[in-house]
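So the sequences go chain by chain: A and B. So the first sequence is residues 4 to 322, counted in the working numbering. So the second sequence is residues 153 to 399, counted in the working numbering.
Everything labelled a hint here was simulated from the structure, so no lab data went into it. Because the structure is a prediction, the values reported are computed rather than measured. Mixed in with the good hints there might be a few duds.
Below, simulated EDC-like cross-link-like pairs (lysine to aspartate or glutamate); rule was C-alpha separation at most 16 Å, straight line [claimed, not checked]:
| id | chain 1 | residue 1 | chain 2 | residue 2 |
| --- | --- | --- | --- | --- |
| 1 | A | Lys186 | B | Glu360 |
| 2 | A | Lys186 | B | Glu315 |
| 3 | A | Lys46 | A | Glu68 |
| 4 | B | Lys378 | A | Glu291 |
| 5 | A | Lys281 | B | Glu395 |
| 6 | A | Lys319 | B | Glu387 |
| 7 | B | Lys352 | B | Glu259 |
| 8 | B | Lys378 | B | Glu395 |
| 9 | B | Lys349 | B | Glu235 |
| 10 | A | Lys19 | A | Glu201 |
| 11 | A | Lys321 | B | Glu386 |
| 12 | A | Lys213 | A | Asp240 |
| 13 | A | Lys288 | B | Asp383 |
| 14 | A | Lys19 | A | Asp49 |
| 15 | B | Lys203 | B | Glu334 |
| 16 | A | Lys194 | B | Asp288 |
| 17 | A | Lys114 | B | Asp288 |
| 18 | A | Lys114 | B | Glu360 |
| 19 | B | Lys297 | B | Glu334 |
Now the stretches of chain B that chain A is said to cover, found in silico as 3 or more residues with beta-carbon under 8 Å [stated by the list, open to error]:
| id | stretch |
| --- | --- |
| 20 | 291-305 |
| 21 | 318-324 |
| 22 | 384-396 |
Just so you know, even glycine gets a beta-carbon here, dropped at the ideal spot from N, CA and C.
Here are the chains, one letter per residue:
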Amino acid sequence: MPVLIYIDQAEGHIKKSSFEAASYGAKIAALTGTTAEAVVLGKLTDDLPSLGNYGITKVHHVADESLNHLDAQQFTRIIAALATQINAGVVVLSNNVNGKAIAPRLSARLKAGLVAGAISLPDTSNGFVVKKGVFSGKAFANINVLTPIKIIALTPNAFSPEKGSGIAEVVAFTPSPEPSRVKLVATNKVKGQVPLSEAELVISGGRGLKGPENWGMIEELAQLLGAATACSRAVADAHWRPHHEHVGQTGGSVSPNMYFAVGISGAIQHLAGVNRSKVIVVINKDPEAPFFKAADYGIVGDAFEVMPKIIAAVRKIKG
Amino acid sequence: MKILVCISKTPDTTAKIAFVDNNTKFAAEGVQWIINPYDEWYALVRAIELKEQDPSSIIHLVTVGTADAEPIIRKALALGGDEAIRVNLESHDSFTIASQISAIAREGAYDLILTGKETLDYNGASIGGMVAELLDLPFISLATKFDLAGNTATVTREIEGGEEVAEVNLPLVVSCQKGVAEQRIPNMKGIMGARSKPLKVVEPTATEALTSIVNFELPPAKAGVKLVSADQPEELVRLLHEEAKLF
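Full structure from sequences and hints, please.
Pasting the structure below:
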């Protein structure tokens with residue numbers, strides 16, 4: 004019963020979160036003595052045999068251009084058909100924007116238990132137990148999957164892909180055609196920026212920066228580090244920054260390696276969106292800011308004095 | 153048009169998160185419960201806005217929970233909605249909950265089913281997708297904008313680093329997040345009116361759970377913040393680079 008990994012793509016390129024899923028799925032296959040196979044939908048420019056570098060032995064490819072954009076219903080139908088055909092025991096996908104649309108449908112279609120937002124490899128010593136984040140990052144739950152087929156949607160950035168060397172065999176998969184009920188009208192992408200949900204490093208600004216004209220230092224540091232930019236709710240509500248940058252309870256939630264917060268007090272609603280970050284760095288002039296309690300590193304100081312020096316020091320390393 | 157809005161209760165954001173019975177149960181004692189914000193602010197309010205555009209629309213609310221979920225459902229009815237259905241069942245298995253909701257939805261023949269993007273407690277983001285699959289309906293997740301013209305919905309959803317706009321015909325399931333609607337506060341008229349709105353209690357249909365919770369864990373306590381002097385920001389960069397090896 005092989006492990007089947009759904010490889011998500013955007014504009015012909017495999018997403019970083021899918022390399023994580025591939026590597027995670029391959030690890031499960033190795034632990035349970037089976038093989039890791041992948042399914043790729045749509046036309047890609049990326050090289051598919053090189054998925055072998057992440058432990059995939061076989062790639063099932065549906066090279067149909069109409070599948071370059073998500074229709075959760077279609078994608079589920081195809082992935083489920085393949086999972087049944089190859090008798091997959093575990094289906095792995097990233098719990099990214101598309102994974103959140105596909106995984107629950109797959110679970111219902113295959114009557115297969117789903118762990119949405121997994122952060123650990125399964126423990127098979129007593130059942131099939133996978134850890135996931137609950138209560139918006141304030142706790143974890145160990146979930147036992149009770150069904151013969153298990154579905155795991157892996158939290159982005161929770162598992163580092165391990166790159167070895169290998170070449171995967173690519174085979175065509177031809178599902179029975181069915182017209183899509185979702186018509187794509189437009190795709191609007193912010194060009195040249197690291198997407199927040201995929202970023203390993205995030206530089207975020209709050210009301211302490213006083214106005215949108217002061218975001219230059221946030222952007223400069225982000226650019227030097229290849230980081231994404233984010234902001235607090237107050238900033239998004241004031242239209243200093245676009246809404247998609249808002250992280251917190253009502254905005255997006257992120258789990259980067261580093262969340263670097265400048266001039267954000269760290270209200271509990273904001274922390275709910277960022278407390279899955281591995282390292283939290285806080286720059287705030289108020290020593291009583293609640294964010295310091297959740298932080299790993301910090302400076303109590305004026306962002307306008309501290310940030311230029313930080314940028315200069317990073318430039319020395321990165322320059 | 154008939155709209156079904158899925159409502160869940162969730163501990164207030166400031167609630168202390170702790171567990172009892174050998175860490176197998178959430179310590180609910182003394183916890184303040186709220187309507188899951190994504191369900192309330194976005195899914196429910198958007199439904200209310202749609203009814204304001206087309207007053208012939210009917211909004212039903214559905215929740216899966218025991219009697220202690222009723223204050224939350226009344227609160228939701230105070231914001232808007234014509235009647236509520238409570239499926240008398242406590243479960244933490246998404247598929248079990250989705251099966252109950254899809255049974256209600258199938259019976260009510262709704263044109264539009266709205267959910268929040270996830271609940272703040274179990275963070276599964278699963279109910280909408282499962283309900284859609286059980287009903288064989290299209291599903292748009294993480295919607296940031298929802299418009300309706302006749303039978304055709306135009307929905308904007310979040311993608312990495314941007315958004316995608318799609319047209320889909322009703323019936324349809326949509327999970328909603330920020331952008332879909334603006335938060336509202338119930339007024340006195342709504343609160344008074346909610347008391348007389350029908351709240352139907354139905355017994356669950358038989359389903360088998362696909363998952364179970366073994367136990368909960370709290371994250372290890374943070375070691376405490378390492379503070380660097382504001383005169384030495386370079387030292388912070390050195391620590392992030394050499395000690396934490398972040399870049």
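Results for each hint:
About 35 Å separates the Cα atoms of Lys186 (chain A) and Glu360 (chain B), which puts this hinted pair outside 16 Å; it is violated. Between Lys186 (chain A) and Glu315 (chain B) the alpha-carbon distance is near 14 Å, which keeps this suggested pair within the 16 Å criterion. Restraint check for Lys46 (chain A) and Glu68 (chain A): satisfied, since their Cα atoms lie roughly 5 Å apart, inside the 16 Å limit. Taking the CA atoms of Lys378 (chain B) and Glu291 (chain A), the gap is about 15 Å. The hint holds against a cut of 16 Å.
Of the supplied pair hints, the one linking Lys281 (chain A) and Glu395 (chain B) holds, its CA atoms being roughly 14 Å apart against a limit of 16 Å. Taking the CA atoms of Lys319 (chain A) and Glu387 (chain B), the gap is about 13 Å. The hint holds against a cut of 16 Å. This hinted pair checks out: Lys352 (chain B) and Glu259 (chain B) have alpha carbons roughly 14 Å apart, not beyond 16 Å. As the CA atoms of Lys378 (chain B) and Glu395 (chain B) are separated by approximately 12 Å, the hinted pair is consistent with the 16 Å bound.
Restraint check: the Cα-Cα separation between Lys349 (chain B) and Glu235 (chain B) comes to about 6 Å, which is no more than 16 Å; the hinted pair holds. Distance hint between Lys19 (chain A) and Glu201 (chain A) is fulfilled; the C-alpha atoms sit about 7 Å from each other, no more than 16 Å. As the CA atoms of Lys321 (chain A) and Glu386 (chain B) are separated by approximately 14 Å, the hinted pair is consistent with the 16 Å bound. Straight-line distance between C-alpha atoms of Lys213 (chain A) and Asp240 (chain A) comes to about 14 Å, which keeps the hinted pair within the 16 Å bound.
Between Lys288 (chain A) and Asp383 (chain B), the direct Cα distance comes to roughly 13 Å. Compliance with the 16 Å bound is thereby established for this hinted pair. Between Lys19 (chain A) and Asp49 (chain A) the alpha-carbon distance is near 12 Å, which keeps this suggested pair within the 16 Å criterion. In summary, the hint linking Lys203 (chain B) to Glu334 (chain B) is supported, as the alpha carbons are separated by about 15 Å, within the 16 Å threshold. Of the pairs offered as hints, the one joining Lys194 (chain A) and Asp288 (chain B) is violated, with about 35 Å between alpha carbons and a cut-off of 16 Å exceeded.
Restraint check for Lys114 (chain A) and Asp288 (chain B): satisfied, since their Cα atoms lie roughly 14 Å apart, inside the 16 Å limit. Taking the CA atoms of Lys114 (chain A) and Glu360 (chain B), the gap is near 10 Å; set against the 16 Å cutoff, the hint holds. For the hint pairing Lys297 (chain B) with Glu334 (chain B), the CA-to-CA distance comes to about 11 Å; that is within 16 Å, so the pair holds. Counting residues of the stretch 291-305 of chain B whose C-beta lies closer than 8 Å to any C-beta of chain A gives 5; at least three are required, and the coverage claim holds.
Figure legend: the stretch 318-324 of chain B, annotated as covered by chain A; annotation consistent (4 residues with Cβ-Cβ distances under 8 Å, at least 3 required). Given as covered by chain A, the stretch 384-396 of chain B passes the check, having 9 residues with a CB less than 8 Å from a CB of that chain where 3 are the minimum.
When each numbered hint is compared with the structure, violations occur for hints 1, 16.
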